[in-house]
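Trainee: Whatever position you read off the sequence shown (first residue = 1), add 200 for our numbering.
Calculated directly from the structure, the hints in this document are not laboratory data.
On a predicted model such as this, the values are computed, not experimentally measured, just so you know.
Careful: at least some of the hints might be erroneous.
Stated by the list, open to error - DSBU-like mimics (lysine-lysine), calculated; alpha carbons at most 35 Å apart, straight line:
#: 1; residue 1: Lys249; residue 2: Lys235
#: 2; residue 1: Lys437; residue 2: Lys249
#: 3; residue 1: Lys347; residue 2: Lys249
#: 4; residue 1: Lys210; residue 2: Lys249
#: 5; residue 1: Lys437; residue 2: Lys210
Stated by the list, open to error - So the derived label-pair ranges between C-beta atoms look like this:
#: 6; residue 1: Ile242; residue 2: Asp351; range: 18 to 28 Å
#: 7; residue 1: Asp238; residue 2: Gly280; range: 38 to 48 Å
#: 8; residue 1: Asp204; residue 2: Thr234; range: 34 to 44 Å
#: 9; residue 1: Gly230; residue 2: Asp351; range: 40 to 50 Å
#: 10; residue 1: Ala217; residue 2: Arg364; range: 29 to 39 Å
Note that CB positions come from ideal geometry on N, CA and C, so glycine has one too.
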Amino acid sequence: MQLDNSIEQKYLLRIRASLDAARRVLDRSGDLATKGSDDPAIISDAENKIAAALRQSLHQPNEGWLCEEHADDRARLACGVVWVVDPIDGTCEFAGGIPEWSISVGLVIDGAAIAGGIYNPATCEIVLGSTNLGVTYNGNPATASNKANLDGASILASRQEFLRGDWARFSHREFNIRPLGSVAYKLALVSAGRGDATWTLSPKNEWDIAAGVALIQAAGGRVTATDGQPIRFNREKTLLPGLIASGEGLWHEVNRVVTGAR
Numbered sequence: 201m202q203l204d205n206s207i208e209q210k211y212l213l214r215i216r217a218s219l220d221a222a223r224r225v226l227d228r229s230g231d232l233a234t235k236g237s238d239d240p241a242i243i244s245d246a247e248n249k250i251a252a253a254l255r256q257s258l259h260q261p262n263e264g265w266l267c268e269e270h271a272d273d274r275a276r277l278a279c280g281v282v283w284v285v286d287p288i289d290g291t292c293e294f295a296g297g298i299p300e301w302s303i304s305v306g307l308v309i310d311g312a313a314i315a316g317g318i319y320n321p322a323t324c325e326i327v328l329g330s331t332n333l334g335v336t337y338n339g340n341p342a343t344a345s346n347k348a349n350l351d352g353a354s355i356l357a358s359r360q361e362f363l364r365g366d367w368a369r370f371s372h373r374e375f376n377i378r379p380l381g382s383v384a385y386k387l388a389l390v391s392a393g394r395g396d397a398t399w400t401l402s403p404k405n406e407w408d409i410a411a412g413v414a415l416i417q418a419a420g421g422r423v424t425a426t427d428g429q430p431i432r433f434n435r436e437k438t439l440l441p442g443l444i445a446s447g448e449g450l451w452h453e454v455n456r457v458v459t460g461a462r
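Model the full assembly from the supplied sequences, consistent with the hints where possible.
Mentor: And the structure:
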């Protein structure tokens, strides 16, 4: 799906405004963004308030809405334009005060991830991008890694998968593994060239990855499901297979590593 640049710019401005609205919610919560909380009620309240701020800022009539914190309105299935949102991706990290969580806003048009914004409030990093306009990292142009082989590559792994031992099969390889929390945050970093690749070994919901998939593609990288299929959004069932994402030049090597280790 291709949009006129001016239309994409308008969507990006809406995404940026929604992330600013989410930031203001966190500003009113003191140091919650950096210190977290072990109180489930406080975490739930933060998720709900951020979700409400995002919806108020983003959602317009005739657009679909898919958010982890809201009941799924299947009317979205008939919508060409759908916002796919995760108010807090990386809840464990958020709760523990680990600065590896993010707020994720993805724009899906006719099933394709077209634009996205991912904001890490704890580190003040924001990555924005769209198909035609490319990607910016904290306002500066960015692209996915141009690395062509895995020797010394920085691979961003799921912190939870790593702690479970799921990544042991990749130990002693030629690349470096860096465990991180939020999958949206990892995808954002790869899109901005601050990691060479990432993959997941477990299924993800659309709201976890829509914004990140848009950013990877906008940055000149490649992302597919672990079964090799293109990733489509606004499906009836929101759970998708794991994914593989990297700069274009690295994708075939990464794909061989992941599919060969099953």
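Trainee: Hint by hint, say whether it matches the structure.
Mentor: So, going through the hints one by one against the coordinates:
Simply put, Lys249 and Lys235 have alpha-carbon atoms about 18 Å apart, close enough for the 35 Å limit, and the pair holds. About 25 Å separates the Cα atoms of Lys437 and Lys249, which keeps this hinted pair within 35 Å; it holds. The hinted pair formed by Lys347 and Lys249 fails the criterion: a straight-line CA distance of about 40 Å is larger than 35 Å. Between the alpha carbons of Lys210 and Lys249 the distance comes to roughly 24 Å, so the proposed pair stays at or under 35 Å and holds.
For the hint pairing Lys437 with Lys210, the CA-to-CA distance comes to about 29 Å; that is within 35 Å, so the pair holds. For Ile242 and Asp351, the Cβ-Cβ distance of about 45 Å falls outside the hinted range of 18 to 28 Å, so the restraint is violated. The beta-carbon spacing between Asp238 and Gly280, approximately 42 Å, falls within the hinted interval of 38 to 48 Å. Distance hint check for Asp204 and Thr234: the Cβ-Cβ separation is about 39 Å, which falls inside the suggested range of 34 to 44 Å.
Checked against the given bound of 40 to 50 Å, the beta carbons of Gly230 and Asp351, roughly 45 Å apart, stay inside it. Checked against the given bound of 29 to 39 Å, the beta carbons of Ala217 and Arg364, roughly 38 Å apart, stay inside it.
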